[in-house]
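Join these two chains into a complex; the hints should help.
Next come the chains, spelled out residue by residue.
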Amino acid sequence: MGDLIWIFVAAMLVNNFTLAYFLGLCPFLGVSGRLDTALRLGLANIFVMVITSSCAWLLNTFVLPHAPYLRLIAFIIVVASTVQFVEMVIRKMSPALFRALGIFLPLITTNCAILGLALFQTNRGYDFLEGLVFALGAGGGLTLALVVMAGLREETRVLDIPKVVQGMALYMILAGILSMAFMGFAGLFSSGGS
Amino acid sequence: MPPPSKPLGDEFLKGLWKENPIFIQVLGMCPALAVTNSVVNALAMGLATCFVLVCSSFFVSSLRRFIPRPVRISTYIVIIATFVTLTDLVLAALVPDVHRALGAFIPLIVVNCLILGRQEAFASKNPVPRAVADAAGMGVGFAFALTCLGAIREILGAGTFLGVPLFGPHFEPWVIMLLPPGGFLSLGFLLLFFNALKQARDRRRAAAARGETA
Chain A
1 MGDLIWIFVA
11 AMLVNNFTLA
21 YFLGLCPFLG
31 VSGRLDTALR
41 LGLANIFVMV
51 ITSSCAWLLN
61 TFVLPHAPYL
71 RLIAFIIVVA
81 STVQFVEMVI
91 RKMSPALFRA
101 LGIFLPLITT
111 NCAILGLALF
121 QTNRGYDFLE
131 GLVFALGAGG
141 GLTLALVVMA
151 GLREETRVLD
161 IPKVVQGMAL
171 YMILAGILSM
181 AFMGFAGLFS
191 SGGS
Chain B
195 MPPPSKPLGD
205 EFLKGLWKEN
215 PIFIQVLGMC
225 PALAVTNSVV
235 NALAMGLATC
245 FVLVCSSFFV
255 SSLRRFIPRP
265 VRISTYIVII
275 ATFVTLTDLV
285 LAALVPDVHR
295 ALGAFIPLIV
305 VNCLILGRQE
315 AFASKNPVPR
325 AVADAAGMGV
335 GFAFALTCLG
345 AIREILGAGT
355 FLGVPLFGPH
365 FEPWVIMLLP
375 PGGFLSLGFL
385 LLFFNALKQA
395 RDRRRAAAAR
405 GETA
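Respectively, the protein sequence lines represent chains A and B. My numbering numbers the first residue of the first sequence as 1 and each following residue consecutively. My numbering numbers the first residue of the second sequence as 195 and each following residue consecutively.
None of these hints come from the bench; they were simulated from the model. Keep in mind that the hints are not guaranteed to be accurate.
[Unchecked claim] Residues from chain B that face chain A, not an exhaustive set, calculated with beta carbons under 10 angstroms:
no.: 1; residue: V272
no.: 2; residue: V284
no.: 3; residue: L285
no.: 4; residue: V304
no.: 5; residue: V305
no.: 6; residue: L350
Every residue gets a Cβ at the ideal spot worked out from N, C-alpha and C, and that includes glycine.
Just chain B, same shape as in the assembly (with noise of 0.2 angstroms):
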């Protein structure tokens, strides 16, 4: 494998942030918002799909000339369908409360729209360096975006980080951000936050190429 070059660099850095599935994308929204209402199962759910994504990323791009195009949809499946059973039961081995809490999403990351779109759009083009660096990338983009709301929802929702009591015994916590509705709620004001960031910042650059042509 060729020593990381710049290039490989910016595919790992765009999923961070420039191209972050959850918060500029939107895919992947099903788990993202359904176990996000603690730390602990956000970053679990998080690693999980990342290590589900570098997995099939590599073997996709190194059978990317034997797979035949009209099967390669079920060919890519059954890949990370095979890996999240990996991920299932090793979870179940190793952690089983995390397992139980999580239940039916654990299987359900192989039909996490990333995943499978990261597989057709960039893995099934790409040789595996650079594959493998994207997927990364995405991975853990998804991993901290999904520990930022599950950060939000625990604090709001129970008073708690990582389950330490954070403020006194005389909050009140909001219990609908722990609730479905808290999921889209909470996602839609950092969407709102990061549109007024953006805007903002456009303002900005308008008014500055006013100020050099003046």
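Bound-form chain A, shown alone (with noise of 0.2 angstroms):
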């Protein structure tokens, strides 16, 4: 029980797939600018990542040890039809979210954060149960940045920034403040230490 809290934590905060290991910037960046669409793409993302664990966990226990090889090809197109899954979803059932999502919804599918997701836990021989841990973690991890950093935004636009500042550059230089305010969460740990 210790060992899954510690995996959704390290995954949420610690090692904060977007702040740390710069996986899912293209959504962090792209569709930061409202608040209410971040949480939205946020949770979509959460969705997808947990269906892609159990894949992933399902591809590396019964078929990938006959053909190692093909992993990645598999994994993304585990990837592919899932993203294509909640996008049809998403179409039915919320038509306004499937606009103001737009062209970010496909490209969640090259989104690295959930390749990355089902890499990583191969790479850490991860269980079916410690798998799923891992994505709600990742996925908290990813929702939470994007929220944070679509506040920022927010707060950005109302005041008298330099126009040389603005933009990109501004939004680099605020992901990187915030990756050092998450950096401070290894200190949580510092007895279990990664």
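Okay, here's the thing in structure tokens:
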């Protein structure tokens, strides 16, 4: 049980996918303009991650021992079909959200966080339950980073910022400071350590 | 293949500077920030990405009439994943040290938005020579940008360049530059620098225009 909590907190805060591993930066910088869109994209990401994690475990256990060189192609096909499925569900259930997410929904396919999750899970040899908890933690961390970033960007819109700094440069520096702040969480587990 | 005409050269050159994937389009950030803590890693990552980009563009462009539209993205990804697997195995065999340092980021080339973006936006609509020229330009531009970032981070963070110490023994390295925040900050300040350059140029142009009308 303690292990599971450690995996969850480590994936969410200490080794935050976006701010420590630089995974999923495209949506992090692209969709963080508005708070509600950011939150929903984060939730969609968690959903895709949980499904991917289960599929990756199934593949790792039953299929890939026979053909290890197919790992990458198998993973990416699973991710692509999951995203396609989520896309269809969202289009049906909430057309407004579908329009708001726009190009970034199909781009979850190329969101490195999803494939990264499957690869890290494999490299670390997580079993089914650990993988699931890892996916929830990583997805939660991604959502947290997205939402914090969106909040900061909404704030900066009403500030008087010199024209030189506006745009991507500002977001990068904001992300750098956020990343430094998240490094502080490493102290939570100074005795356990990863 | 026809001799490289001027437009072909332009397709190549635009990737180097005017539409540089990292500095201007801000695509493919994940590997750009994750592996640029030393020049060697950055260069290896840049070259690997460049290779995958050129090969996939060649294949996507040659097959563009046969790929059905509804499944095109999946097709591109399978093509890209094939070349990434190839690169992964070749790197593991030739330079095991670099391969270990890059770790999971070699397989992650598959999901580099830059590569898929070029297939969708360019290679699937253009003949082979143009697609390859475009891919090569973008790839070299990407590798160049990565090397720049890697150089900045290695020089400030470790006080070395390609492993050779640059400063005296009294240099206190800025460890933060090697850690994740350093990636964000160095790219942020680079972009800031380019913004300032662009603004100065615009101002000069505006002044010149005013001078002409006066």
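Tested hints:
| no. | hint | result |
| --- | --- | --- |
| 1 | V272 | holds, 6 angstroms |
| 2 | V284 | violated, 13 angstroms |
| 3 | L285 | violated, 14 angstroms |
| 4 | V304 | holds, 6 angstroms |
| 5 | V305 | holds, 4 angstroms |
| 6 | L350 | violated, 14 angstroms |
Hints 2, 3 and 6 from the earlier list are contradicted by this structure; the remaining hints agree with it.
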